[in-house]
Amino acid sequence: MDAKETARTTQMVKSFREAPIDGMALKRLIEAGLTWLRTNQQLVNSLNVFPVPDGDTGTNMVLTMQSAFDEIANSSERNFGKMAHAVANGALMGARGNSGVILSQLWRGFARGVDNKEVLDAATLATAFAQARDTAYRGVVRPVEGTILTVAKDVAAAAEKALHETNDPFVMLEHVVAAAEISVQHTPELLPVLKEAGVVDAGGMGLYFILEGMLRFANGQSLEAGYAVVKPLAALQLEETRELIEPGQDFEVVIDFKPDAPLDLIDFYQRLEEMGTSIQVGEGDGIYRLHIHVPTEKRYHPIDYAMTLGTITKVAIENLVAQMNGLEAAGRGGKLTLTPVEPGQIAVVAVSPGPGIARVFASLGAAAIVEGGQSMNPSTQEILAAFENLPTDKIIILPNNKNIILAAKAVAELTVKQVAIVPSRSVPQGLAAMMRLVPDGDLEAVAEDMTAALDEVETGEITTATRSVEIDGVYTKEGDLIVLHNGKLVLSCSTLEEACLGFLEILHAENFELITLFYGADLNRQQANRIADLIRSAYPEQEIEVQDGGQPHYYFIIAVE
Amino acid sequence: MSGETNPFGRITVSPRAIATIAYHAALESYGVVGLAHKNLVDGLAQALVKDPTHGVEVHYDGTHIDIDIYVIIEYGTRIKTVAGSVGNTIRYHVEKALGLPVNQVNVHVRGLRISNGD
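Protein sequences appear in the order of chains A and B.
The first sequence: position 216 = 216 (my numbering), numbered continuously.
The second sequence: position 19 = 19 (my numbering), numbered continuously.
Derived from the structure by calculation, the hints contain no laboratory data.
Worth double-checking, as some hints may not be accurate.
[What the hints assert, rightly or not] Pairs of lysine to any residue residues, derived as SDA-like cross-links and limited to a Cα-Cα distance of at most 25 Å, are as follows:
no.	chain 1	residue 1	chain 2	residue 2
1	A	Lys-417	A	Gly-441
2	B	Lys-96	A	Leu-191
3	A	Lys-477	A	Gly-441
4	B	Lys-80	A	Val-141
5	B	Lys-80	A	Gly-441
6	A	Lys-82	B	Ser-115
7	A	Lys-153	B	Tyr-75
8	A	Lys-153	B	Leu-27
9	A	Lys-82	B	Ile-79
[To be verified] If the Cβ cut is set under 10 Å, some of the chain B residues that face chain A in the computed set are:
no.	residue
10	His-24
11	Ala-26
12	Glu-28
13	Tyr-30
14	Val-32
15	Val-33
16	Ile-73
17	Glu-74
18	Arg-78
19	Thr-81
20	Val-82
21	Asn-103
22	Asn-106
23	Gly-111
[Said to hold, decoys possible] If we take Cβ atoms under 8 Å as the criterion, some of the chain A residues that face chain B in the derived model are:
no.	residue
24	Leu-43
25	Ser-46
26	Leu-92
27	Arg-96
28	Arg-138
29	Gly-139
30	Val-140
31	Arg-142
32	Leu-496
Every residue gets a Cβ at the ideal spot worked out from N, C-alpha and C, and that includes glycine.
Okay, chain A solo, but in the shape it has when bound:
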């Protein structure tokens, strides 16, 4: 972080902490709690002791919080109490697992405690924590102590106590987070199974991370880098990190090295965090094993860095993206659930430029996905292979890129199956077409109907100009951001904000209903949400959705309909 950025963060922290805590502030805090919990999800998961009843506490709590956040993601409610009720509702609807149910009850009580308050003050916050505790405890006949319930109880007590010292809800939150940490560390003393397993309670830890995430956000601290600790070599769970692959982190690097001098761990982690994510470090007999996911261009940086620390004994570099693609093609590993087709039904093969977009197509009923898009056109063979083995002979192909339409047409010549091409030139067009899919319908009629849907959506694509050029009266310099409207260059500018808002202005987005942003591999959700919020305030009448597209090269693909 350079000095300028630090100054900006300080300014943001100041303005956030001095503004009244209203519904919008709660939304930011919920997102922060969710993000920090997600960052530490694997750590919480690793704390499980019961093999059966609750196998994945961290994941369950993340999904519950995600559901809570989804409920308010599009809301611009100013009233704190109303927003809290929406959070509680979302948590309830999405409650997963035991810990998720308890978490939803905590939010329910919390919402009750703040009832209809416009803004949050310290006294209300203390009441809300007390209500959260009471509501959660009412949900069970015999509360087991040493669990998330105990942490909720200690949190409420800390809030009550802090009320004597402060009127600032954020100062109270500091007390609360500190109390939650102590409470979590104390759980093994109350619950023997935890002590036997040598862990603290997972649910309690999850609650702690949610609260701590809110505090970190209010303090302007990062929510991305998780708690990293040096584990015994045997405890490294490198396989699990496969699930954590983030867009842009293409290479997994594992290095064994023997440091010349004891490691300065804080500095060590800081350097690693600058390079990549999913950092794990193990130690045994003086040999350190370092595991990290890094972007392609930084794949040698961890090795160069480890060289400066000592002697490297072994290095392994693997291309994660290629591996994950292999896994998905083999029908395992990936999180993609494709729609199974019955014989005689229509199967849709969609070409998708990113994993997030692939998931959206899958959720809309695509039977097969082919990876590909701008500058990575799939071959006819790849498209053919995607559907050759499906148990039906009616196939619709969505190329989703103008450069792939020809390849798709060529495929039709190569197979005995009946193939119809719906010539979608962009992802939004492809999605619009998916909405018209009738799996049991007549192939020609359905394809015609889907083709008709292509023009119902406007497509915006935001990317970087690769050379200086003037097209259609728009002049752009290499490195500038450019906006394409239905494939035509319409705008060149320097920031994403200008690009998104500029595009919507050119389009007269106020005449449309729904704006969906698919953010690319180079952006994270928070960056995308920030822009979505800007759009929301510029277009209050329109519904704005944010989806993780995961596509390379394009910062945003925007669908307006």
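We have chain A already, so just place chain B on it with the hints.
Chain B only, in chain A's frame:
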């Protein structure tokens, strides 16, 4: 009462014993606020039971253990999740205590308790 024979004699476990394990496991499950009688006479429906054999039904034929449990759940929780979690918890505790696989646990939600207004 089925059981197994070892060199020192026979061990039998009665359904009532299994019911007791299930009863206690259920009451420690989050979201369950009580058990209800399995044979409801209307009007007595919400009477919470204290006797483990009343809200739990166990069929054990020597090989299969089938458990039916009749629960009251806290209003405002996600019933599907709570019921699923009760089933898992009971299965876990019974299997752990007996060392025998449980064939099925059927959770019957007999009512909801409203503790205060939302």
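To see whether the hints hold, each was checked on the structure:
no.: 1; hint: A:Lys-417 / A:Gly-441; in the structure: 16 Å, holds
no.: 2; hint: B:Lys-96 / A:Leu-191; in the structure: 18 Å, holds
no.: 3; hint: A:Lys-477 / A:Gly-441; in the structure: 49 Å, violated
no.: 4; hint: B:Lys-80 / A:Val-141; in the structure: 19 Å, holds
no.: 5; hint: B:Lys-80 / A:Gly-441; in the structure: 35 Å, violated
no.: 6; hint: A:Lys-82 / B:Ser-115; in the structure: 21 Å, holds
no.: 7; hint: A:Lys-153 / B:Tyr-75; in the structure: 21 Å, holds
no.: 8; hint: A:Lys-153 / B:Leu-27; in the structure: 20 Å, holds
no.: 9; hint: A:Lys-82 / B:Ile-79; in the structure: 24 Å, holds
no.: 10; hint: His-24; in the structure: 8 Å, holds
no.: 11; hint: Ala-26; in the structure: 9 Å, holds
no.: 12; hint: Glu-28; in the structure: 5 Å, holds
no.: 13; hint: Tyr-30; in the structure: 5 Å, holds
no.: 14; hint: Val-32; in the structure: 7 Å, holds
no.: 15; hint: Val-33; in the structure: 6 Å, holds
no.: 16; hint: Ile-73; in the structure: 9 Å, holds
no.: 17; hint: Glu-74; in the structure: 4 Å, holds
no.: 18; hint: Arg-78; in the structure: 4 Å, holds
no.: 19; hint: Thr-81; in the structure: 5 Å, holds
no.: 20; hint: Val-82; in the structure: 6 Å, holds
no.: 21; hint: Asn-103; in the structure: 15 Å, violated
no.: 22; hint: Asn-106; in the structure: 17 Å, violated
no.: 23; hint: Gly-111; in the structure: 14 Å, violated
no.: 24; hint: Leu-43; in the structure: 22 Å, violated
no.: 25; hint: Ser-46; in the structure: 20 Å, violated
no.: 26; hint: Leu-92; in the structure: 6 Å, holds
no.: 27; hint: Arg-96; in the structure: 6 Å, holds
no.: 28; hint: Arg-138; in the structure: 5 Å, holds
no.: 29; hint: Gly-139; in the structure: 4 Å, holds
no.: 30; hint: Val-140; in the structure: 5 Å, holds
no.: 31; hint: Arg-142; in the structure: 5 Å, holds
no.: 32; hint: Leu-496; in the structure: 38 Å, violated
In this structure, the hints that do not hold are numbers 3, 5, 21, 22, 23, 24, 25, 32, in rising order.
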